[in-house]
Structure formats: structure tokens, C-alpha cells
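There are 2 protein chains.
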Amino acid sequence: MKRTKIKDVLLRTDYGSDVNVRGWVRTKRGSKAVSFIALNDGSTIKNVQIVADNERFDEDLMKLITTGACISATGELVQSIGSGQNVEIQAKEIEVLGTCPADYPMQKKGQSFEYMRQYAHLRIRTNTFGAVFRIRHNMAIAIHQFFHDKGFYYFHTPLITASDCEGAGEMFQVTTKNLYDLKKDENGQIIYSDDFFGKMTSLTVSGQLEGELGATGLGQIYTFGPTFRAENSNTPRHLAEFWMIEPEVCFIDLVELMDLEEEFIKYCVKWALEHCKDDLEFLNKMIDKGLIERLESVVNTDFVRLPYTEGIKILEKAIADGRKFEFPVSWGTDLASEHERYLVEEHFKKPVIMIDYPKEIKAFYMKQNEDGKTVQGTDVLFPQIGEIIGGSIREADYEKLTARIEELNIPMKDMWWYLDTRKYGSCPHGGFGLGFERLILFVTGMQNIRDVIPFPRTPKTADF
Amino acid sequence: MKRTKIKDVLLRTDYGSDVNVRGWVRTKRGSKAVSFIALNDGSTIKNVQIVADNERFDEDLMKLITTGACISATGELVQSIGSGQNVEIQAKEIEVLGTCPADYPMQKKGQSFEYMRQYAHLRIRTNTFGAVFRIRHNMAIAIHQFFHDKGFYYFHTPLITASDCEGAGEMFQVTTKNLYDLKKDENGQIIYSDDFFGKMTSLTVSGQLEGELGATGLGQIYTFGPTFRAENSNTPRHLAEFWMIEPEVCFIDLVELMDLEEEFIKYCVKWALEHCKDDLEFLNKMIDKGLIERLESVVNTDFVRLPYTEGIKILEKAIADGRKFEFPVSWGTDLASEHERYLVEEHFKKPVIMIDYPKEIKAFYMKQNEDGKTVQGTDVLFPQIGEIIGGSIREADYEKLTARIEELNIPMKDMWWYLDTRKYGSCPHGGFGLGFERLILFVTGMQNIRDVIPFPRTPKTADF
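If you read the sequences in order, they're chains B and H. With this note's numbering applied, the first sequence corresponds to residues 731 to 1194, in that order. With this note's numbering applied, the second sequence corresponds to residues 731 to 1194, in that order.
For the record, the hints were derived by calculation from the structure and aren't laboratory data. Quantities reported herein were computed from a predicted structural model and do not represent experimental measurements. Where is the CB? At the ideal position from N, CA and C, for every residue including glycine. Hints may be right or wrong, so weigh each one.
Per label pair, the in silico range of CB-to-CB distance [unchecked claim]:
id, chain 1, residue 1, chain 2, residue 2, range
1, B, Val1029, H, Ser1067, 49 to 59 Å
2, H, Lys822, B, Glu1100, 52 to 62 Å
3, B, Lys1015, H, Gly881, 46 to 56 Å
4, H, Gly881, B, Phe843, 40 to 50 Å
5, B, Asn917, H, Gly928, 46 to 56 Å
6, B, Lys914, H, Gly918, 48 to 58 Å
Just a few of them, taken from the derived set where beta-carbon distance is under 8 Å, the chain H residues facing chain B [to be verified]:
id, residue
7, Ala832
8, Met846
9, Gln848
10, Ser963
11, Pro966
12, Arg967
13, His968
14, Ala1050
15, Gly1052
Counterexamples of contact, computed for chain H against chain B with all Cβ distances above 12 Å [what the hints assert, rightly or not]:
id, residue
16, Phe787
17, Gly1102
18, Arg1168
19, Arg1187
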């Protein structure tokens, strides 16, 4: 008999029909006469209840139906009053596809997330992680849908790179060299001409610069791929390997960029509210009681648009009024997380898009304002998460860009191609970057970034 | 004035309205009195024609409007007879946003693909590569749409890995070690405890094994991400960094798997025919005159389903009848490309799904048939491309799988988690892998895999 997904079974009302379901046993309970098996197949957070009259089934078979076992059950769809769902299945046949020994690590309820991380391959079978990864899927789909509908092209920028975007951080080296036989030149420098790419290469920290190359041909593109940081940061906010979304748009100005950022993130959150209702309700109940309310408020709120200079004034006034911060604030300094959270969570009580940052604290490629001091950067600051998006209008003027590069002493010899975009038919353009896992943290209410990616890569951890 | 994309302008019929377009000049020609500017903005392969009365514009401005320059043009939408489109724009205002010096590398028509590869950042602005990358985008969207509609979850498997899937090939090492100061133990082995992940790590060659972990929790998943092979292959078919799609489905059997493979690939090709008409017509005209016919034939044909043993018989009969092949054929050998092409292009004249391969030529994880000799592998063989999909039902039986692993002497100590899926609630499952660039080659008619990815990574090449 053809299998029906549990998600679909739970919507059916053709009581009396026979159905077949297959999945993993969440719990089995019951009396001497009857067993109730809660079965889940990953298609939904909800279980279907299988009701089995014990006399109908072999005792040895029933003993194999333990938490974690994989079974196939065929039976009659009947209306349910006690199972928490509208339907349950009165079992006629049960087959055990895979037994589950008693040492199954996910057997107990209420295990800590830290414990479960050791079994990342099995935690996927739990309610919380099923919910998180179904939502993660939905956010990816929402992102592709959003950009596709707007005529953006998905653009695959390279992962292995010979250039270091803005020197953004420590990088992983990629090599096929035999480390037991490293040849060096007369100055003691390792020779890379015999490495796979004929030069030293690393894993990319951002696809933005290559994204700009795509946009200046296709008009508007977005990347959605892995990026890497070899930072030795053991925090709930950092991963060594994470996914980024980086749209890049030609002929856009600062206001249009902010509009795009706000529309984009609202679209994603709205998608979650509409498509992940069951999973969000579970997380709202079990993980974060304020989750759904917070998501709804983001969708229904106009984001504040705040020049950096105004933001500093607000913070200075707060300090004058007695608000204490750990770090000092003055024009020209990078805001600390506590300052961003004050603006978002206390002062405005809504998301803030901060713009026009001092050029000294932002990257070389940002478009310089006419004041000579600020650049057209845009950071979207969110409650709980802090910076969720960082973007900017890019400097399109060849002279201004190269002057800034020289001023900052950025080695550009391997990046002639980037300057070419400003040399040949340069165009105004801008874009932003969103760390995918940051978005998933916000949408799921989870607290640790290691719990929103299937197999986290962090210092000393590359299991699975 | 708000910009309209050229794709949208070309669909408009409200003649007399003013519109603004921005993009890159493809050509400028004309007479003393009037200039015709073909403008492209990447939104479509089609150009819009800007008609400029020379007396209306400054002579110096008009001189800056050269091939490759970026301009903004505002004017009246008028019906066109000569431009090849229904509409053209009678210019009222033109602004040059970015000039283009005479040494612009993409200035001439008819440059070779090999030449253009050196300027991969600028080839995106040409007709051919614009078409290829718009189609590439559409194929990615089709893939997500297909799986999302079927209830698969997009699952991000890790790129950096400490395990070597089936020893599938040479791998890139990933390290943060200081290569100038490599510490070794008393046996002369490099110590990896101080490397970023505390052990030796590489870039993944496949997400399948981790995909299986996802499927056995979420029911059915697909990956779509970069994979890496450090093979020193300088061929038109190999990349060191490429994108793979790897769905994995629980509770599927061999026939259902073949159905899924066939439906999937037809869906993608049909999507291209429906959504990429202009780009396909261009490629059909300029690159491969048989392209659209070939795509249509795939969509409208039932794929042949052929056991390996039957395939061998057909080939042996062909040889007996006088057909010459370079490589010998007998039961147990891996088919060469020439054999696959004979079956697909000459014998059946349609795509072939070959199944039930000898276990010796397939991976350890494939489900063993009861004959003790063959496994439930499925390769989808396509005209021109050869193998476009490789898949299998996986061995779900713990004893059989571990016996096979021991037989083949595969080091599994770092892969305890993979065996866990068979130990705890094992379930029948299967899946397949599709090399994304192989699909793009087939759908675009391009001949070299370096021309269907924006910035190809190949031996000695990691530019951009």
C-alpha cells in the first residue's frame, strides 16, 4: 500500500479509509489491551496516533516498537477524541522496519541542547530540531522566492579564493601541498607554484566583491552560499562555516536600498508566520514565549531610519540622563551591542536602520557622502539579535575608490578585476549581506547559533 | 524619474509615455542626424533601442556613449519598426553614468570563449554569458521549487569535513596551521591538535552521507551546495569547485527513485523551455542549432529503464554485429563514455536509466540485491552529456552494510554517526546526486564546463 505522509494524513477526513504511514516512534504507551503509538515522519511536528489492539499483534513484535524505532503501519483512519489530533489510525498491520536499541541517545525527553549537539545526527529527529530545520528550509525558500519575483538572479560566487575581501578576518588556507615536503625559495618563502591553483588560496569570507561583478552585468543578483571565518571565537553567535545571502543591485540609491532591506526581512518573517505555523507555535510554547509576538511586531512595524550622528546624540542624551553603559560613546566610535540594543529595544522599541556611518569604521568600498566624513552604509539592527543586515551603496567613482584604497593601504594587486567594474561602464550600485543563521536565530527564538545549523563548525569541532 | 527595466519596457504599449532606462551600451550607430543606441541592462537578452537626435545633445556627451559605457536615458516610448522590437525610446535626456575606455576587453564581437574566460568579470555583460547565467539562475529556482512542492527540506550539509566520503577522490586540505612552523610528534607525524578543528580537515566531495542523516529525521531532504575535487583534470568536463544537488528520501524503493529522477530532470528542462525562451532561442541560434529540439525531446520521452546486465548484452551484440569500441565490454566492467553514448544516442535514441550494477563497481552504501552480485544503483545517462545523475537505494541493513565496509576495508572510525542511522530506527531510503553544471551544460548547449559557472576553479586557476 502506498505510504501517506503524516502531514497529509492529519488533514484527511475520509474516516473508514485504509492508510499506510511510516515513521519513527516517538512514544508508546497503553494498557494491557491496547497500545497507543505516537508516530512522526518529519513531514510535520505533529504525530499521528496509531491505536493497536494488543491481542491482534504478536507480543514479540510489539516489544520492538520502542522510542526511536522505525515502523510501517497500515490501518483504518478513524476520528479521534483523545490524541490531540482529529484523526488516528486503528492498526491492522504493523511492520518494524528498524529497531532501536535501548542505548538510543535521544530516548529521554528534556535533554540539554549541549548534550544533543554531540548527537547532531540524531537530534534532527526531535521536536525542537525538526521545527528549527523545517523553518530553516522555509526561510531559504522564502529568500529565493523574494529575489526571483523581483527579477534578481541567483549568482554563485566562488568559495576558494586567492583574494582577501577587505581583510575581513582570519581565513582558512586551502591547499593540496604535501605538508611533509614543503619547498621554499631562497628567501625561505613557501613556493606555491606547485599548489593546486598555483598560488596561495583560502576560503572566502564574503561573496560581495564577486557579487558586484555579477550585478554589473546582469543588473541585480543575489548570492546564497557558505562563507568562512577562522576566528577562534567560542561564542553562541559565531560559526566558522555559515551561510550568507548577499544581494547586489545596480542603479539603486540609499533610500531604495533601505526599502529593499526592510521589505526583504519582513517578507521572510511573514513567510515564517504563514508557512511554519505549527513549528512556530511549538517553539513559542517550549523555547521562547515572546517569539510569535515579536515576529508579528517586526512585520507590522515601520523600521526607524536613523543617521549614525542622530543615534550618537540619542545615546549621549541617555548617558546625560543617567543611563549607564559599559563602553563609552562618542562620534566616530563603533557602537557596541549594548548601544544598539538600547536604541532598538529601549528607545525606539522597533527595528532601526542606521545609516551614514563615519568612514573610518566602515569598509573601503562604501560610497562616500559629500560631507567627506561619512559613508552610505546601512546596518539593520534588530531586537535580541543586534545587527542582522549590513549593507551599503558602493563607491562607483574610480578615482575616489582608488584614493581610499591607497589611503588604507589595501593590497589590490590581486583585485584588478574589482577596479575594472569602476573603469569600464561604472554604475551606481549597492547591496547588503545577511547572515542566514542570524535570521534563523531570530525566527526560531533559539539562543545558540550551533542549534540552527545541522552540523556546526566551531573551534575544535568538525564532527559529522 | 523612476527607472524601468528593459525587460518590462519591451512589453509596454503605452506609446507616448516617458520612460527612463539605465544600462550598458551594446552598440551605437547612426547618421549625422541621428544616433541609435542599443542598450542592455541584464534583465533580458534583448536590447532596447534609444533614438537620439544628435542636434538635441551635446557632441561631447555623445562621444562618451561608446560600447560598454553605462548610461541613463529618458524619453518617449514610441512604436518601432526597425529596431527588431516593438518599442524604442526617443531620447529627451541622456546621462553618462560611467564611461568606457577604448581598451574595454569585451568591445569586439566574436571573441573566443577561451579569451573571454580571462575576463570572466566582464564576459557576464555579453549576450552568451548573460543567457547562460540567467538560465543557470532559472535552473536553481526550478530545483528549489520542485523539491519544495514535494515537501522536501533544503538541508545544509557541511563543507569542511573530517571524513572522506567513500574515498571519492583527492581532497583539498583546510587548515589554519602556520606552515612555517609545523610541529610533529615522535613518529614524524604532523600534530593537528592545534589546527582550527583539532584534527585534519578537508573540503567535502559530497554531502550525501550527511544528507542521509537529515533524511532519517526530516523524512526527505535535498542539498544544493558546493562540492570540491582536487583532481588535476584539465578537461572541459571537470571543475575543482562545483555545485551539487543531492536529494535523499526515506521509504522510497527503486522504481520510485527512478520515477523521481525522471520527473525531476524533466521538470527542470520544461522550466527552461517555459521560462528562458529568449535566452534559449539565442543559444539555439548561436551555439547549438539542435538545442531546443533536444530539450523538447527529453521532456516528451519516456526514459528507458535498463538493467546493467541487459545493457551489456546489447553492447555485446553490437560488437558481434561489427560495432567497434575503443574499450572492451564484459559483465563486471564499468561502462566507458562511448558505451553509454552508444546505448543512449544510437541504440535507444533516448535517455536511459541504468540500474542493478555489479556491486564491485559501485559505492559501499548501495543496497545489495538478493542475487548477491548486483546493487540498486541508478545512473541516468543523457545524450551528449553522458551520466547526468547517479543515485541508489541505500543499504539500510546494519549487518550487511558493516560487512561490506569491512570487505572493502573502508576506514569508518570517523563515521560512527553514519552507522548510527542503521543502528537506531533504520529505514529504507535512497537518493541521487546531480552535478549542477552538468545540467547547465545540457540545458544551454555550451561545450565547456568553465563557461557555465561564473568564476571557474580549475588547476592553476583561481582568479576573481
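So, going through the hints one by one against the coordinates:
no. : hint                              : result
1   : B:Val1029 / H:Ser1067: 49 to 59 Å : holds, 53 Å
2   : H:Lys822 / B:Glu1100: 52 to 62 Å  : violated, 28 Å
3   : B:Lys1015 / H:Gly881: 46 to 56 Å  : violated, 24 Å
4   : H:Gly881 / B:Phe843: 40 to 50 Å   : violated, 27 Å
5   : B:Asn917 / H:Gly928: 46 to 56 Å   : violated, 32 Å
6   : B:Lys914 / H:Gly918: 48 to 58 Å   : violated, 19 Å
7   : Ala832                            : violated, 10 Å
8   : Met846                            : violated, 12 Å
9   : Gln848                            : violated, 10 Å
10  : Ser963                            : violated, 11 Å
11  : Pro966                            : violated, 19 Å
12  : Arg967                            : violated, 18 Å
13  : His968                            : violated, 13 Å
14  : Ala1050                           : violated, 43 Å
15  : Gly1052                           : violated, 45 Å
16  : Phe787                            : holds, 19 Å
17  : Gly1102                           : holds, 22 Å
18  : Arg1168                           : holds, 14 Å
19  : Arg1187                           : violated, 5 Å
Checked against the numbered hints given earlier, the structure breaks hints 2, 3, 4, 5, 6, 7, 8, 9, 10, 11, 12, 13, 14, 15 and 19 and satisfies all the rest.
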